[in-house]
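Assemble the whole structure, with the sequences as input and the hints as a guide.
In this note's numbering, the protein residues as written are 88 to 604.
By construction, these hints were calculated from the structure, which means they are not laboratory data.
Warning: the hint list may mix true and false statements.
Unchecked claim - With a cut-off of at most 16 Å between alpha-carbon atoms, the simulated EDC-like pairs for lysine to aspartate or glutamate come out as follows:
| # | residue 1 | residue 2 |
| --- | --- | --- |
| 1 | K402 | E356 |
| 2 | K301 | D458 |
| 3 | K301 | D288 |
| 4 | K595 | E564 |
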Amino acid sequence: MRIEVIFTDRVGIAHEILAVLAIRRLNVVGVEVDPPLIHIDAPGLDPAALPALADALRTIAGVRSVAAIDMLPGTRRRLHLDALLAALPDPVLAVDRAGRVVVASAAAAAVAGVPESRLAGLDLGALFGEPGLTAELTGGGFRMSGREVTLNGQPFLLEVTPIVDVEAAGAVVTLFTPSRLGERLDAIQNFDEFGSGGGFDRILGESPPVRALKARAARVAAMEAPLLILGETGTGKELIAHACHRASPRRDKPFLALNCAAVPENLAESELFGYAPGSFTGAQRGGKPGLLELAHGGTVFLDEIGEMSAYLQAKLLRFLNDGSFRRVGGEREQKVDVRVVSATHRSLDAMVADHSFREDLFYRLNVLTLDVPPLRERGGDILLLARHFIARAAAQARRPPGRLTPAASAALLANRWPGNVRQLENVIFRAVTMSDGGTLDAADLELAGAGIPASAGPADQAENWADSWEDAMAGFERTLLRRLYPRFPSSRKLAARLATSHTMIANKLRKYGIPDR
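What follows is the structure, given as structure tokens:
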């Protein structure tokens with residue numbers, strides 16, 4: 088039975104309390120003193136005898152109360168600590184000031200391949216096969232930057248948290264696998280990017296091309312084969328790639344991206360495949376995992392794949408064939424489970440024809456394909472996207488969202504948007520930040536660099552249309568159709584551009600006498 092005694096602290100009172108139990112020949116197997124409390128574990132104490140024992144203890148000067156408890160606080164803390172260590176997914180080791188293992192988690196024992204009891208007392212450097220590691224840790228007060236180590240043939244990033252009393256009393260050592268690091272990196276890079284949904288709800292647009300794209304993307308997302316996304320610059324290819332990942336069976340694993348056009352060849356190789364210890368001057372000590380290792384179980388997105396060098400194309404092809412690769416400067420073959428999604432705005436067919444892109448790699452990447460339509464082919468989404476970007480820009484500028492005037496709407500619909508959605512977003516953002524009123528007119532878009540000619544709709548043009556709502560709408564329609572017709576010189580082409588019916592456009596053209604006879 089276990090009891091708790093509350094007392095007023097004074098010299099010798101704990102000894103007097105234990106003496107009362109000794110007189111009754113009660114064996115005490117555990118005592119925890121933390122004034123004003125003393126907890127005692129006496130297995131031979133019968134609950135029926137507790138009232139008499141409590142009366143005897145209260146005769147001691149300073150004893151205030153005696154009560155039964157189910158467990159000693161120290162035992163409870165140890166059980167909680169054991170449960171915590173068992174639940175940790177990453178291997179954890181507690182070491183003393185000499186760098187010897189004191190406590191190991193179940194995950195650490197599993198990786199090391201030995202029972203937890205056999206890890207206790209081992210030198211940390213000997214455990215990782217690096218004799219100098221212990222001296223490095225203890226000499227630096229257990230303060231060191233993360234470095235890569237190997238335990239039982241597996242690479243880990245070692246992170247050290249010192250335990251400080253008056254001086255360094257030891258440390259907690261945590262080991263992270265590359266895939267666990269990838270999950271943390273994914274969480275940081277894509278925080279609240281898609282919420283809990285599949286991601287396709289973030290692809291704005293209700294035009295027929297976008298609806299068809301979402302439907303096809305939802306089908307290819309569930310497949311494991313490589314995916315190639317084609318589309319002009321600024322159409323949102325990475326957004327599509329991320330949405331496909333979130334809708335795939337790999338949704339709970341990392342999504343990591345590399346822009347092949349943004350980094351030089353040698354850096355791109357180490358970023359993608361990682362590098363071994365001492366592989367080049369300035370390399371991180373212990374080596375570094377690449378995106379393929381970090382994204383194990385998930386997806387790697389290779390943007391602008393058409394810019395990849397011939398050497399990296401060959402190395403990527405080898406990985407796509409059997410899932411194996413070597414780090415830069417490394418000798419050990421590694422295998423990971425990663426789905427490769429790539430994207431480009433260039434014509435890979437033409438690049439294959441002129442031998443600037445490997446034909447065999449093209450066929451390995453081009454198993455599943457998505458074509459992202461340019462903004463000019465989804466005109467019905469332009470105003471929807473513009474209103475969305477206005478609301479976002481207004482929120483960032485901390486002002487009420489404005490609205491588009493008819494002239495501004497006509498100007499947006501008439502523009503060809505060579506930079507696609509990215510250009511539209513930038514133009515709207517600049518227009519919102521530069522305008523002072525609650526509306527955006529065509530002049531605001533021109534100041535924002537939309538590339539819209541001044542004749543696209545000056546601010547006072549609506550005043551010349553008419554005073555009634557019906558006449559104003561007719562003027563808007565006439566202006567829009569006259570501006571678009573030279574580029575889409577038939578009712579069918581114009582209807583496709585505006586995502587509406589051919590009959591309605593034909594009637595409007597006849598009504599306004601377009602084209603001029």
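Distance restraint between K595 and E564, which requires alpha-carbon spacing of 16 Å or less: Since the Cα atoms of K595 and E564 sit roughly 8 Å apart, the hinted pair holds (cutoff 16 Å).
Given the hint that K301 pairs with D458, test it: the Cα-Cα distance must not exceed 16 Å. holds (11 Å)
Hinted pair, alpha-carbon criterion (16 Å max): K301, D288. Please report holds or violated. Between K301 and D288 the Cα gap is close to 9 Å, so the pair holds against 16 Å.
Is the Cα-Cα distance between K402 and E356 16 Å or less? Distance ~9 Å between K402 and E356 Cα, so the pair holds.
Hint violations for this structure: none, all hints satisfied.
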